[in-house]
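Now for the letters of each chain:
Number of protein chains: 2
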Amino acid sequence: MRTTLLSLALLLLIADLPAWAQTTRPAVEDFKPSSLNQGGKQYPQINSEGRARFRIMAPQAQSVKSSFSGPTQITKGDDGAWIITTRPLDEGFHYYTLNIDGADVPDPGTLFFYGAGRWGSAIEVPAKDQDFYQLKDVPHGQLRQDLYFSKSTNAVRRCFVYTPPDYEKDPSKRYPVLYLQHGAGEDETGWGNQGHAGLIIDNLLAEGKCKPFIIVMDNGGGIGGGARRGGPGRGAANRGTGQPGGAAGPGAGGPPRRGAAGRGGFAFNFNAFEHILIDELIPHIDSTYRTIADQPHRAMAGLSMGGMQTRTISLAHLDTFSQIGIFSGGSIAPSDVSDMTAYRQKVKLVFVSYGSREVDPANRRRGGPFGADPKANTDALKEAGINTHYYISPQTAHEWQSWRRSLHEFAPLLFQE
Amino acid sequence: MRTTLLSLALLLLIADLPAWAQTTRPAVEDFKPSSLNQGGKQYPQINSEGRARFRIMAPQAQSVKSSFSGPTQITKGDDGAWIITTRPLDEGFHYYTLNIDGADVPDPGTLFFYGAGRWGSAIEVPAKDQDFYQLKDVPHGQLRQDLYFSKSTNAVRRCFVYTPPDYEKDPSKRYPVLYLQHGAGEDETGWGNQGHAGLIIDNLLAEGKCKPFIIVMDNGGGIGGGARRGGPGRGAANRGTGQPGGAAGPGAGGPPRRGAAGRGGFAFNFNAFEHILIDELIPHIDSTYRTIADQPHRAMAGLSMGGMQTRTISLAHLDTFSQIGIFSGGSIAPSDVSDMTAYRQKVKLVFVSYGSREVDPANRRRGGPFGADPKANTDALKEAGINTHYYISPQTAHEWQSWRRSLHEFAPLLFQE
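So the protein sequences, as listed, match chains W and B. The end of the first sequence is residue 417 by our numbering, with every number in the run present. The end of the second sequence is residue 417 by our numbering, with every number in the run present.
Hints in this document: simulated from the structure, not taken from any laboratory. Treat the hints with caution; some may be incorrect.
Since copy identity is lost for identical chains, a pair holds within one copy or between any two.
Claimed, not checked - Pairs of lysine-lysine residues, derived as DSBU-like cross-links and limited to a Cα-Cα distance of at most 35 Å, are as follows: (1) K346 <-> K382; (2) K32 <-> K151; (3) K41 <-> K65; (4) K76 <-> K169; (5) K151 <-> K41; (6) K136 <-> K151; (7) K209 <-> K151; (8) K76 <-> K173; (9) K209 <-> K346.
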C-alpha cells in the first residue's frame, strides 16, 4: 500500500506539466541563487521567469536530469559541469531530485526537506507576496521540539510546538491552540520548515493582525509519515518538506475518495492519529503548556491529507474543536453535518481553501478539488448559518505556496471571541 | 581562506586511514540498517565489525565510490545496483558522501547533517556504550529554535536552547546555563542533532546523575559557519552535523596554532563571536529564560574549534564563566593564566578531554592534541590548585563519539556548588 501510494506520489510529482508552460523560448539570463541553497552555494538558481537552473560537476556522467518535466535545456561543459535549465515554475516552493546516470540523488547545493516520504532537495521561486513569510527584525516565537510518550503506539513521539513571542514574558498568561497538520508523504517538520508557520504568525502579530496562539504540529501518518516516529530515537530534529506529489494519497481526497481512504492503508493512520490526537497529544499539550484548555480555544487545520483528517476528526469531535481550516483537502457540505443545530452552536469558523490551479477547470492541474465543488459546499454551509470563509490562492496548484497563503488568511480569523 | 580551510577539512576527512584497519578479510554478513537512515530505507547498513555497506541504483554509472578510505569492495549488480563495503569504522558517527561518475552527492538513504561546511550523509556505528544517548521513556527536555536580533551583525541569528524536563513545571524555578559550542565546519545544529546533547542530559537527569541546567548552542563561525546566519531567513531549522574533517581549521588548534588562528579568517570569527556571546547572546538568554544570571552558574564548553574558543574566551572573561570544558580543542597550562590567585578563586572546574587516537602516540590518527601535552597541562593546573578533570574517550579519534562521551563525563561535574 505504502509503496503504491509513494509511487503514485512521485508519478504525480514528475507529471506536473502545465500547458501554459510549454515554452521553448530562451531563458532570461538573470539567474540568482535560490534562497533554499546551502550557505555559500551558488546553485541551484532561479531567474525572473521562475525557471530553475541546476549545475553539478559530473565529468564521467553520460546523463544528468532533474525531476522537473516540460521543456528543459541540458548542456555539459568541457569542465565536466552539467547545466540544466527548466521551464518557468509557479511562485513558491518546489521539491525535486537530480538523476545522474540512472541514480536519483539530492542536489548537494540545497538544504533538504521532507516530502513524498523522503528527504530531498527543493528550490524556492520568489513570490510577489513573499514578504508575509520573510524573516524580519520583529519579536519571534520559539519553535520547540517536544518529545512525549504515546501509550497507544508504545513509542516516544515527536511534535513541534510554536509558542508566540510573548509566551515567556508573562508566566500567568494562557493561550488558545491550533493543531496544524501536514499532508501525505510529509511529516511534523513541514509546517515549521518550508511552511514558514512561525514566521507567518510572527509577522502577523507584529502588525497586530492576529491573536497570539500556540501551534502544535504532530505526525499524522500517511506516506512515510509513520516512519518518522523513529526520528527522535536518533535524537534528530531534521526538518523536512512536503511537496505536491505528497498529496497523491487517498488522504488528499474529499467525499468521493473517503471510501478509498476508509479501505486503504490510510484507514489505520486516520484512526490511529485520531486516537493519538484526542487522547494523548491534546492532554500532553494542555498539561505541558499554558493553554486555555477548552473547545472555544482549540482549532484544527491541515493541508491535503491533513485537511481531510481535520474534516473527519472535527466533524466527529464537535466538543473538542470550534474552528476548522481545510487547505486543499476537501470541504464540508450541510449534508456532512449530522446535527446542524449543534454544529451551528459549537463551530465558530470553517475555512476552506485551494490553489487556483486545483479548482479552475480552464486552468486545472494535478489534483483538483476532489469531488463536490468546495465553493458550492462552503456557500451552502454559510446559508445554513455557519461562519464560513473560502479562499483561492492565485496562480498556484497543490503546493506549499497555496498553503502558506492559506495559513496567512486563516490565522487572523482565529480566536476572535 | 574559507575555501582553503574547507578543502583541508575535506582532505583530512578522506585521509582518515588508520593502519589497524588495513584488513582485506571478507566482511561478516550480519549487516543491519544504520540508525541514521531515512524512515523505511534499508541502506546504508553496518555490520558487527563496524563496516559500512552502501547500495544505490545507478544503472548507467561507470563508477560509484564512497568517501571512506581504505580497503573497499565495490560491485555492480545486473539490476544496476552498486554495492560498496568499507573497512571497519570507529564506533559512533561518521560523515560521508557518495561519488557517482565524478559527482559528489549525498546518499539518498540517510538523514542529512551539517559538517565540513555542508549538509550531507552520515552513518552510525553502534557503540558498546550507546545506551547513554538513546531515546528512552524518561522525562524529556525541549530543544527550542530561538531567533534573536544581533546588533553587531545587524542580522537575526539563530541559536538552539535545551530546557530541562522540569522547566515548564515550576514557573518560579531558575537554572544555571551551559554555553556549548560546535567545531569548525559545523554550526549551531550539531550538538542537538548528532551530538545528542538533549538525550544525554535527559538520561543523566533520569538517573539523578546531574543537576538540571539550560544549554545554549549558537553559531561560533568557522568554516561555513557564518553562512548559517542565513538559515533563519529561510525559516529553516535543518539540523546538521559536524564530522572529523570539520576540525581541520586553525580553530581546532591549541597554543602553537593560535598564531595562525589569530592571523587567519578565524580571527574575525573568534573576535566577532566573543563579542556576540558576551554582549548579545548572554543578555538575550538571561532576559528570555529563567536563568541564574551570575558567574557561578554559567559554564562554557566546546569541541575542537569550539574548545579553542572556550579556552580563549573563558581565560579573558573570568567574571563570566566559572566552569570550563575543552573537548579535543587544546588545554590550559598554568602559564596561560595571568593571575593564578584570581583564577583559583573564580574558576571552579576545568575539564579537558580527547579521543584516545588523538593523544596515543602509538595509535595516533588525524589531529592529535595540538601542541603541549594536555595531560601534563591539566596535571600542572591541578597542582596549582584548580579543580581539573582529564578524560580520554577509548578507541575514538577527533569525532563525535569522543564528544558525546565528553559531554556525558562533563555534565555530572557541573553546578555542584
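A quick look at each hint next to the structure:
Only within a single protomer do K346 and K382 lie at most 35 Å apart by alpha-carbon distance; the minimum there is 14 Å, versus 69 Å between protomers. For a Cα distance limit of 35 Å, the shortest separation of K32 from K151 across copies, 28 Å, qualifies, whereas the shortest one inside one copy, 49 Å, does not. In the homo-oligomer, the alpha carbons of K41 and K65 lie at most 35 Å apart both inside one protomer (19 Å) and across protomers (23 Å), since each shortest distance falls under that limit. In the homo-oligomer, the alpha carbons of K76 and K169 never lie at most 35 Å apart, since the shortest distance is 56 Å inside one protomer and 60 Å across protomers.
In this assembly of identical chains, K151 and K41 lie within 35 Å of each other by CA distance solely across copies; the values are 26 Å between and 44 Å within a copy. In the homo-oligomer, the alpha carbons of K136 and K151 lie at most 35 Å apart only across protomers (14 Å), although the nearest pairing inside one protomer, at 40 Å, exceeds that limit. Within a single copy, K209 and K151 get their C-alpha atoms only as close as 39 Å, which misses the 35 Å cut-off; across copies the closest is 27 Å, which meets it. In this assembly of identical chains, the alpha carbons of K76 and K173 never lie at most 35 Å apart, being 60 Å within a copy and 62 Å across copies at closest.
In this assembly of identical chains, the alpha carbons of K209 and K346 lie at most 35 Å apart only when taken from the same copy (24 Å versus 50 Å across copies).
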